[in-house]
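Peer 1: Now for the letters of each chain:
Number of protein chains: 2
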Amino acid sequence: MEKFLDYVEKHQNDFVERLRKAVAIPSVSGDPSHRPDVFRMADFLVQELKNLGADVETRDLGKQDWHGTSLDLPPIVLATVGNDPSKKTILVYGHYDVQPALLEDGWNTNPFELVEDEKNRLIGRGSTDDKGPILGWINVVEAHKNLGLELPVNLKFCLEGMEESGSEGLDGLIYKEADKYFKDVDAVCISDNYWLGTTKPCLTYGLRGVSYFHVKIKGPGADLHSGVFGGTVHEPMTDLFAIMSKLVNVHGKILIPGIYDQVRPLTDEEQAIYKDISFKMEELQSAVGNKTNIHEDIPKTLQSRWRNPSLSIHGVEGAFYNPGDKTVIPACVTGKFSIRTVPDMEPKKISQLVCKYIEDEFAKLGSKNTLHVHCTHDGNHWLSSPNHPNYVAAAKAVETVYNVKPDLTREGGSIPVTLSFQSALNKNVLLLPMGRGDDGAHSINEKLDRSNYVKGTQLLGTYLYEVSKVEL
Amino acid sequence: MEKFLDYVEKHQNDFVERLRKAVAIPSVSGDPSHRPDVFRMADFLVQELKNLGADVETRDLGKQDWHGTSLDLPPIVLATVGNDPSKKTILVYGHYDVQPALLEDGWNTNPFELVEDEKNRLIGRGSTDDKGPILGWINVVEAHKNLGLELPVNLKFCLEGMEESGSEGLDGLIYKEADKYFKDVDAVCISDNYWLGTTKPCLTYGLRGVSYFHVKIKGPGADLHSGVFGGTVHEPMTDLFAIMSKLVNVHGKILIPGIYDQVRPLTDEEQAIYKDISFKMEELQSAVGNKTNIHEDIPKTLQSRWRNPSLSIHGVEGAFYNPGDKTVIPACVTGKFSIRTVPDMEPKKISQLVCKYIEDEFAKLGSKNTLHVHCTHDGNHWLSSPNHPNYVAAAKAVETVYNVKPDLTREGGSIPVTLSFQSALNKNVLLLPMGRGDDGAHSINEKLDRSNYVKGTQLLGTYLYEVSKVEL
Chain A
1 MEKFLDYVEK HQNDFVERLR KAVAIPSVSG DPSHRPDVFR MADFLVQELK NLGADVETRD
61 LGKQDWHGTS LDLPPIVLAT VGNDPSKKTI LVYGHYDVQP ALLEDGWNTN PFELVEDEKN
121 RLIGRGSTDD KGPILGWINV VEAHKNLGLE LPVNLKFCLE GMEESGSEGL DGLIYKEADK
181 YFKDVDAVCI SDNYWLGTTK PCLTYGLRGV SYFHVKIKGP GADLHSGVFG GTVHEPMTDL
241 FAIMSKLVNV HGKILIPGIY DQVRPLTDEE QAIYKDISFK MEELQSAVGN KTNIHEDIPK
301 TLQSRWRNPS LSIHGVEGAF YNPGDKTVIP ACVTGKFSIR TVPDMEPKKI SQLVCKYIED
361 EFAKLGSKNT LHVHCTHDGN HWLSSPNHPN YVAAAKAVET VYNVKPDLTR EGGSIPVTLS
421 FQSALNKNVL LLPMGRGDDG AHSINEKLDR SNYVKGTQLL GTYLYEVSKV EL
Chain B
1 MEKFLDYVEK HQNDFVERLR KAVAIPSVSG DPSHRPDVFR MADFLVQELK NLGADVETRD
61 LGKQDWHGTS LDLPPIVLAT VGNDPSKKTI LVYGHYDVQP ALLEDGWNTN PFELVEDEKN
121 RLIGRGSTDD KGPILGWINV VEAHKNLGLE LPVNLKFCLE GMEESGSEGL DGLIYKEADK
181 YFKDVDAVCI SDNYWLGTTK PCLTYGLRGV SYFHVKIKGP GADLHSGVFG GTVHEPMTDL
241 FAIMSKLVNV HGKILIPGIY DQVRPLTDEE QAIYKDISFK MEELQSAVGN KTNIHEDIPK
301 TLQSRWRNPS LSIHGVEGAF YNPGDKTVIP ACVTGKFSIR TVPDMEPKKI SQLVCKYIED
361 EFAKLGSKNT LHVHCTHDGN HWLSSPNHPN YVAAAKAVET VYNVKPDLTR EGGSIPVTLS
421 FQSALNKNVL LLPMGRGDDG AHSINEKLDR SNYVKGTQLL GTYLYEVSKV EL
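Going down the list, the sequences are from chains A and B.
Residue 451 in our numbering sits at position 451 of the first sequence, with consecutive numbering throughout.
Residue 6 in our numbering sits at position 6 of the second sequence, with consecutive numbering throughout.
Heads up, a few of these hints could be off.
[Claimed, not checked] Distance ranges between label pairs, derived from CB positions:
1. A:G68 <-> B:T69: 25 to 33 Å
2. A:Q47 <-> B:P323: 37 to 45 Å
3. A:G289 <-> B:D297: 49 to 57 Å
4. B:P323 <-> A:K176: 28 to 36 Å
5. B:P257 <-> A:G68: 50 to 58 Å
6. B:K364 <-> A:H377: 33 to 41 Å
7. B:E104 <-> A:G106: 38 to 46 Å
8. B:Q262 <-> A:Q352: 44 to 52 Å
9. B:S33 <-> A:Q47: 49 to 57 Å
10. A:H372 <-> B:Q47: 55 to 63 Å
11. A:H372 <-> B:L472: 55 to 63 Å
12. B:K21 <-> A:G106: 53 to 61 Å
13. A:N387 <-> B:P257: 52 to 60 Å
[To be verified] Part of the chain B face toward chain A, derived, beta carbon under 8 Å:
14. P100
15. D179
16. S304
17. T376
Simulated from the structure, these hints should not be mistaken for lab results.
Virtual Cβ for every residue (Gly too), placed ideally from N, Cα, C.
Make a model of the complete structure from these sequences and hints.
Peer 2: What follows is the structure in structure tokens.
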């Protein structure tokens with residue numbers, strides 16, 4: 001392992017060149033004009049992996065309907081390095097597509113040209129999300145090949161090209177291949193999230209779920225002139241504001257009865273975790289852009305993000321939304337909000353509570369308009385345990401590479417593939433981030449610090465050594 | 001006058017031909033590609049009026065900025081028939097531009113081809129709004145010319161081509177010409193609104209005003225991911241819904257303190273008027289498209305439309321408005337609503353009351369976001385008196401032509417030119433509609449019943465006789 005760490009340190013410039021080549025391919029999955037580049041990026045990875053002796057195959061996912069146009073979906077790249085039955089098999093997931101990026105969005109440099117600045121930040125679209133981490137795994141394989149070393153585990157790759165556009169086709173493939181390609185997998189490791197802050201590595205063991213709701217209120221048969229009809233008819237917007245003002249208070253407390261009954265109580269043990277987390281309120285304020293934070297202390301802030309539900313109102317469909325003034329009474333409006341869910345909330349129960357509450361509140365109004373409320377989609381929360389051997393191995397790897405115990409974090413958002421792997425394979429899933437909290441994954445000037453890329457590569461390799469030793 | 005009425009009856013087919021020619025010119029002021037047609041329509045009127053011996057001039061209003069493109073504004077057509085100092089001078093206003101119309105919007109026939117159906121409805125864009133009424137006045141002039149009769153008054157025309165697009169330039173001209181072209185005007189008559197229902201003519205003596213408000217709430221520095229930040233920051237949409245739910249209840253009652261203190265109390269005399277108005281709740285329901293009316297009886301419904309204020313929420317700028325789901329926390333949102341105002345509400349006072357109330361309610365919330373509320377524009381209400389000699393004359397004309405006393409109505413919307421003429425000329429303004437309440441002015445299949453066009457022409461002429469006899 002010493003040799004491996006040393007190799008990575010010495011060959012870091014080669015690894016940066018590899019990242020440069022990857023960033024130069026604008027594999028924007030959300031822009032049809034870049035679809036050929038997404039395919040090019042898949043080819044690039046296939047070639048890199050083949051060069052290192054991996055057993056590579058691609059899986060065609062068929063077509064995508066893009067606003068009436070049929071587009072070829074980029075393939076899933078599956079690659080295997082080693083198939084020794086005496087070794088554990090670790091599955092790693094990553095995505096090779098990226099978010100859109102244009103110089104005129106405010107980038108300081110061409111987003112598809114990797115630039116290293118004076119702070120040794122490797123700037124370019126996809127550097128941290130998620131090309132850097134994918135190449136980290138490839139770097140690990142290269143190091144072992146060139147050192148003439150065997151990997152301590154069998155390594156399986158699952159790389160997709162549609163993550164930034166809804167992961168179309170991925171879930172189907174995972175379930176289909178659960179007993180085939182993924183058959184011998186002992187644990188899963190995903191490097192596609194970030195440190196909480198900028199200085200300390202973390203392991204992530206929980207994600208919130210999300211339940212999305214539409215509140216549709218139908219009034220008059222058509223939009224009406226507010227001069228001619230104002231005061232004579234029940235207006236859907238009035239009803240909508242009356243109802244949706246009763247969902248959450250300004251301090252973020254959800255007002256729907258029964259929601260908090262389903263939230264797992266905070267134990268003393270869990271409460272203790274938050275004291276050690278490396279996080280400052282200034283980091284939140286910097287990310288938010290000002291001091292509109294609800295809570296003043298770190299534990300409450302982190303708990304609000306990680307382990308408590310939240311409710312956000314996103315918008316209204318069917319009403320006036322342009323700049324300027326328009327004096328119409330919208331005939332039919334749909335309010336949209338979502339609830340971020342946490343253990344032990346059950347999507348079905350949540351949906352029942354929400355719909356009943358809104359229907360009851362609407363009935364109280366005495367409006368002649370009609371209401372339809374429903375849950376448009378839900379994704380469950382996910383919670384692993386930092387005590388699982390897969391996590392313990394990763395924590396040891398962090399200590400080896402960074403000389404520090406990792407923060408144990410959860411995240412407020414969702415990474416659906418995490419749940420898919422866990423459900424389909426019934427194996428432990430570890431989120432082991434490479435980049436920092438300020439990498440700006442979906443923003444302008446996305447970057448990955450050189451040290452995160454190099455030490456991150458060391459971390460991924462070291463994790464393989466540690467996980468090879470534990471009982472999974 | 002008998003001769004005149006007889007002439008109109010006998011030459012009605014000629015008048016329909018005149019309307020056919022006018023409707024054939026698609027003078028859509030809101031569509032730049034039709035701007036030449038708006039000019040063509042002005043030329044058509046100039047030619048018609050000149051042929052009848054009127055003294056015609058056009059006034060250039062300069063340029064219009066249309067999304068960065070400079071467009072020529074259509075001219076105001078000013079025409080004078082007669083200048084006998086011993087006669088009264090009546091100013092008539094109309095507009096020769098029309099709303100957009102496409103066959104594919106749902107028209108049964110080509111909107112710019114006048115079609116008479118089996119119920120003798122003259123169907124075509126502009127038939128009732130406002131080409132029919134303009135031509136009504138021209139028909140009156142023609143009848144007198146061909147009969148060798150002098151008009152009982154001096155008649156002045158003011159015809160604009162931008163009414164459907166904000167009447168750009170009109171107000172300036174009215175004030176500029178108040179002491180010149182409009183100098184000798186004794187009273188004004190506008191035929192650009194509609195009967196309340198479908199069977200009984202009316203005179204309209206009141207319009208509501210409107211005050212439009214923007215409630216802007218600024219939160220985080222940029223839109224945020226609701227998974228990552230939900231529960232940790234004050235969300236502008238939460239604040240907006242909290243505040244805007246306190247503006248009006250579902251029964252249309254405005255909740256802003258002090259608003260109703262400014263509303264002129266309902267007297268027994270005024271209350272009595274509503275009993276005689278020819279109106280059925282079914283007419284409202286038919287216009288609205290269903291039974292979402294707030295009030296069950298006619299007086300309350302009409303009072304809500306005519307003489308009481310109303311508040312409508314129009315929409316939200318800055319939030320998600322498309323179909324589908326999006327999980328963003330909007331950083332800055334602007335809620336928009338307007339209040340329809342009535343005597344004796346004063347726009348300035350209303351604005352003060354509204355802003356103070358919203359600021360106070362926002363302060364109570366305890367949000368760290370910032371609020372800015374302001375009135376973006378206001379137009380005052382207008383109220384004349386049906387007892388004014390100008391109205392008494394018009395009422396007599398209705399009795400002569402229709403054998404019925406007109407309904408005395410007000411309208412819920414605003415017609416800004418009414419206030420402009422009254423303020424600039426300080427003369428009584430009469431609204432004397434030609435069309436019926438179901439003409440569908442801005443809708444598909446706009447129509448003017450042949451009888452309304454013919455009797456309407458008789459009515460406008462008869463009004464000139466009656467008004468010539470009264471003391472103004």
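Peer 1: Which earlier hints can't be squared with this structure?
Peer 2: 14 and 15
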